[in-house]
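Line by line, the protein sequences give chains A and B. Going by numbering that gives the first Met the number 0, the residue at position 49 of the first sequence is 48; the numbering climbs one at a time, nothing skipped. Going by numbering that gives the first Met the number 0, the residue at position 194 of the second sequence is 193; the numbering climbs one at a time, nothing skipped.
It cannot be assumed that every hint is accurate.
A short list of chain B residues far from chain A (calculated; beta carbon distances all over 10 Å) [said to hold, decoys possible]: (1) Thr43; (2) Arg58; (3) Lys137.
One-sided excerpt, in silico: chain A residues whose CB lies under 8 Å from chain B [to be verified]: (4) Ala10; (5) Tyr13; (6) Ser45; (7) Ala49; (8) Arg50; (9) Asn92; (10) Phe97; (11) Val98; (12) Ser99; (13) Ile101; (14) Gln230.
The set of hints was computed from the structure by calculation and includes no laboratory data. Don't be surprised by glycine CBs; every beta carbon is placed ideally from N, CA and C.
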Amino acid sequence: MRPSPVRRVWAMMYRHLALYRASWPRLLELAYWPVLQMLIWGFTASFVAARVGTSAGTVAAAALLGGVLLWEVALRSQMGVAISFMEEVWSRNLGHIFVSPIRPWELVAALLGMSVIRMLGGVLPAIGIAYLLYAFNLFALGPILVLFFANLMVMGWWVALGVVSLILRHGAGAEALAWSVLFALTPFAAVFYPVAVLPRVMRAVAFVVPASHVFEGMRAALLHGVVRWDQLAAAILLNAAWTAAAGLLFARQLRQARVRGALLSMGE
Amino acid sequence: MDAIRVEGLTKRYGDVLAVDAIEFGVPPGETVGLLGGNGAGKTTTIALLLGLLIPTAGRIVVLGHDMATDRFAALARMNFSSPYVALPNRLTVAQNLRVYGHLYGVRHLERRILGLAEELDMTSFLHRPAGQLSAGQKTRVSLAKALINHPEVLLLDEPTASLDPDTGDWVRTWLERYRDETGCTILLASHNMAEVERLCSEVLVMKRGRIVDRGSPAALLARYGREDLEEVFLDIARDRRAARAEAPV
Numbered sequence: 000m001r002p003s004p005v006r007r008v009w010a011m012m013y014r015h016l017a018l019y020r021a022s023w024p025r026l027l028e029l030a031y032w033p034v035l036q037m038l039i040w041g042f043t044a045s046f047v048a049a050r051v052g053t054s055a056g057t058v059a060a061a062a063l064l065g066g067v068l069l070w071e072v073a074l075r076s077q078m079g080v081a082i083s084f085m086e087e088v089w090s091r092n093l094g095h096i097f098v099s100p101i102r103p104w105e106l107v108a109a110l111l112g113m114s115v116i117r118m119l120g121g122v123l124p125a126i127g128i129a130y131l132l133y134a135f136n137l138f139a140l141g142p143i144l145v146l147f148f149a150n151l152m153v154m155g156w157w158v159a160l161g162v163v164s165l166i167l168r169h170g171a172g173a174e175a176l177a178w179s180v181l182f183a184l185t186p187f188a189a190v191f192y193p194v195a196v197l198p199r200v201m202r203a204v205a206f207v208v209p210a211s212h213v214f215e216g217m218r219a220a221l222l223h224g225v226v227r228w229d230q231l232a233a234a235i236l237l238n239a240a241w242t243a244a245a246g247l248l249f250a251r252q253l254r255q256a257r258v259r260g261a262l263l264s265m266g267e
Numbered sequence: 000m001d002a003i004r005v006e007g008l009t010k011r012y013g014d015v016l017a018v019d020a021i022e023f024g025v026p027p028g029e030t031v032g033l034l035g036g037n038g039a040g041k042t043t044t045i046a047l048l049l050g051l052l053i054p055t056a057g058r059i060v061v062l063g064h065d066m067a068t069d070r071f072a073a074l075a076r077m078n079f080s081s082p083y084v085a086l087p088n089r090l091t092v093a094q095n096l097r098v099y100g101h102l103y104g105v106r107h108l109e110r111r112i113l114g115l116a117e118e119l120d121m122t123s124f125l126h127r128p129a130g131q132l133s134a135g136q137k138t139r140v141s142l143a144k145a146l147i148n149h150p151e152v153l154l155l156d157e158p159t160a161s162l163d164p165d166t167g168d169w170v171r172t173w174l175e176r177y178r179d180e181t182g183c184t185i186l187l188a189s190h191n192m193a194e195v196e197r198l199c200s201e202v203l204v205m206k207r208g209r210i211v212d213r214g215s216p217a218a219l220l221a222r223y224g225r226e227d228l229e230e231v232f233l234d235i236a237r238d239r240r241a242a243r244a245e246a247p248v
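Take these sequences, add in the hints, and give me the full structure.
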């Protein structure tokens, strides 16, 4: 018997997919918030565009809708990892998982795989609603959209690894972070406004948040039709640095959990 | 070569010494019992053997693999069951076994699941969520999970805790048969004396993190001049060994 890494990653993804197959409320929950956000902000943007009545109003509305949709990519990616990990904590299953031959990186790979599925399950319906109700086609951004998506997903992932590390350190008491932590970064992510409008101190923080560079790039593409490679390069470099830091933190906290015996006792 | 070899194993949590420099070996195919009261260090020892805990000092070798440097190779060949570590409640029994079958790389997995369901009398609830099962049914599912990969070493932490006598006896009979048929090495932590007496060829008696006595059940009974292991356990728990040794026979 020679267990393969792919099979172990699939085992952990199957564990979560089986939950979704058995529960329509869980499936509905995937798309609930992204769709709700799109409905609220979509009608708001339409109203503003109609009142302004110029092409500038239409472009501003498009930037708002693009911001809502792309920020959901980061949010859903982060929650996809953190909530999938919390499922193991809630079911007190970590003890069984960590005495199986699964390596920590394989567990992380499974969490990332589930994050992609959860993100697409939430964001694709919202993209469809934006197109059907407001005639906003996110794919009109062109191939560069793939890089925007990828950078925001990776940002969601390293934030989630940080959250998982805190849960390993502080137990289920830290679970509120699984939902809330990325909202705290929203003001610095420049989702709906340029970084330039922020006070100097906040600008310094925004500079190290990869999402702020992605959204500057998105606005440049939507408003001026140009690709800001400098912004994308900054986002990629920042994501690489933060991912390395989060990976080290996760490895350290997992080891500390094995020192403290937290893997056996962690639960609801 | 022992299937399990433990040398100078120590686990300290701050000022608390949970396991204190214990040494033991379990020969292949044998069943060894870890006997002790609450807080004696049995569960901590099992967790150390599984790599769930990092020891403060000492060395563990399972099936020739050093758990400090090569634990994944050992983990693929061993398994574990405990009523205190749950399986996901919302997954069905079959889905839970499928998850662990994939994790352990089990070949012909569906056939293995059906075989275990038959052997452990789980066919009637194979497709029910694990959370809807009785304690006895959960114990059987936990055993099935522990056996899914045909383990060469099986660690059992109080496998019959909270079971009625009939179900407990059924589990013990089943474990005896499995061990005799497969040659599996079993380390059993329990404070059920009858269980330890029946299943184990050697008993390690733990108290406050240390192994305070060891031997076959018969040897322990003879040494303490007692009729059953429960009396031996009480002698050790209440420090009556010295008194008994000095008492005129």
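Hint check:
{"no.": "1", "hint": "Thr43", "verdict": "7 Å, violated"}
{"no.": "2", "hint": "Arg58", "verdict": "16 Å, holds"}
{"no.": "3", "hint": "Lys137", "verdict": "13 Å, holds"}
{"no.": "4", "hint": "Ala10", "verdict": "3 Å, holds"}
{"no.": "5", "hint": "Tyr13", "verdict": "6 Å, holds"}
{"no.": "6", "hint": "Ser45", "verdict": "41 Å, violated"}
{"no.": "7", "hint": "Ala49", "verdict": "47 Å, violated"}
{"no.": "8", "hint": "Arg50", "verdict": "48 Å, violated"}
{"no.": "9", "hint": "Asn92", "verdict": "6 Å, holds"}
{"no.": "10", "hint": "Phe97", "verdict": "6 Å, holds"}
{"no.": "11", "hint": "Val98", "verdict": "4 Å, holds"}
{"no.": "12", "hint": "Ser99", "verdict": "4 Å, holds"}
{"no.": "13", "hint": "Ile101", "verdict": "6 Å, holds"}
{"no.": "14", "hint": "Gln230", "verdict": "42 Å, violated"}
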